[in-house]
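Residue numbers (our numbering), protein chains in the order written: chain A, 777 to 947; chain B, 1108 to 1344.
Heads up, some of the hints might be wrong.
[To be verified] 20 Å max Cα-Cα, derived PhoX-like pairs, lysine-lysine:
1) 1172(B) x 898(A)
2) 1263(B) x 1215(B)
3) 1318(B) x 1172(B)
4) 1277(B) x 1318(B)
5) 1263(B) x 1159(B)
6) 1175(B) x 898(A)
Hints are computed from structural coordinates only; laboratory data are not their basis.
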Amino acid sequence: MVDSNSRSFPSRRVAWLTLAVITGASLAVVLFPVWVIHPFRPQSQRGLELSYAMRRWSPLITIMTAVGTFVLSGWIWKHSRRWWRKAILVLVLVPVLAAAWFARQNHFEWMFNPLANAAYVKTSEAGFVADNDVVMAIELNEEGAAYPVRLMAYHHIVQDIVGGTPVVATY
Amino acid sequence: MWEAKVGGRQLHFQLAGINNQNFIMRDQETGSWWQQVTGEAILGPLKGQRLKPVFHEELTFATWKREKPQGRVLRPDEGIARSGQYAPANWEENMASVPVATSQILDKSLEPRTLIIGLTVNGVSKAYPYDAVVRQSPIMDDLGGLPIFVVVGDDKRSVRAFERTVDLRKLEFFVKPGSSQFVLVDAETGSEWDFTGHAISGPLSGRQLKKVAVLSDYWFDWKAYHPNTFIYELGDR
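Between the sequences and the hints, there should be enough to build the whole structure, so can you do that?
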């Protein structure tokens, strides 16, 4: 007669450990780029490369870690009797799912508010710009467009088509 | 300001991050990262590609309106304007106190947030402190072997640069004294020129000076992306 408890003991510990590593990895892969490329902080080339790789792969990685977490948690759940262990399993899902969601967001757009649908008025109707306000001005194929710097300093990036050419105005 | 296309393919950009206080843009088509100030893809499938610059100017609205009354102007987002989130008129002064964070060693020739007018001609870059431009306009100079001049408009804010060779003759410009309107005169022919670089009277009437791109920037940012830049100093020539 083999004691089922003693047989599952080491593998259960491995399962908990793996769960902790996966949870940590989920968070690291989304939080590292946030930490490296936040404003008012110097960036190194290596840091940028790592951030780029993580931003690129984090949507896939976080889905895999989420699936792994579900499988592991299910297994541990079946072999746990104590309520607080099950509570931990539920709590672990929160950061893992949050990481999977965050990997699909562009948090820079929360911070810097790009203008989703740029609209324009005729120069004569632009009452919102003062005479001494500075505008970024371009002219392509006789078509002139002006982007007030006070708006650009808020939105930073505006897509447009001027004189038939797609342009991106940045500030 | 860049053409939003590479090899005939239109790209759509969003903000993706910050690299030493300059934005990184990400194109939705390939996911590559682009440095805003250089227009170069620094990471991703399009790494090494460059966007084509679009000639643009920073002018006061008054100057632009006078020159281009038929143009169109980007409209504020009403919700954002209503909640007062757009920059106040004096936002540039406020920016002067924001600290500078960069991994580069700061060049101390000028204070980091000195406003400069940056020119690059034939690979040679020069920064003209904005204050010097306003005080000494028009500034005759030779940059990268090309005779040019830098001039501020009658609004004391809009800055342009022009080539100053016409028919193989190098011209020297000065502001016409005692004129109610802003008029430049060249010393060689006495022709009169407006702020767009168009000759409005005199022997060269009807001629158009070629514009040279200028970038209004902070010294530290200009220096970071133009490490070999010269600095215009008072009485430089």
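Hint-by-hint comparison with the structure:
1. 1172(B) x 898(A): 10 Å, holds
2. 1263(B) x 1215(B): 27 Å, violated
3. 1318(B) x 1172(B): Roughly 19 Å separates the two Cα atoms, so the pair holds.
4. 1277(B) x 1318(B): 15 Å, holds
5. 1263(B) x 1159(B): Given that 20 Å is the threshold and the Cα spacing comes to 30 Å, the pair is violated.
6. 1175(B) x 898(A): 11 Å, holds
The structure is inconsistent with the numbered hints 2, 5, although it conforms to all the rest.
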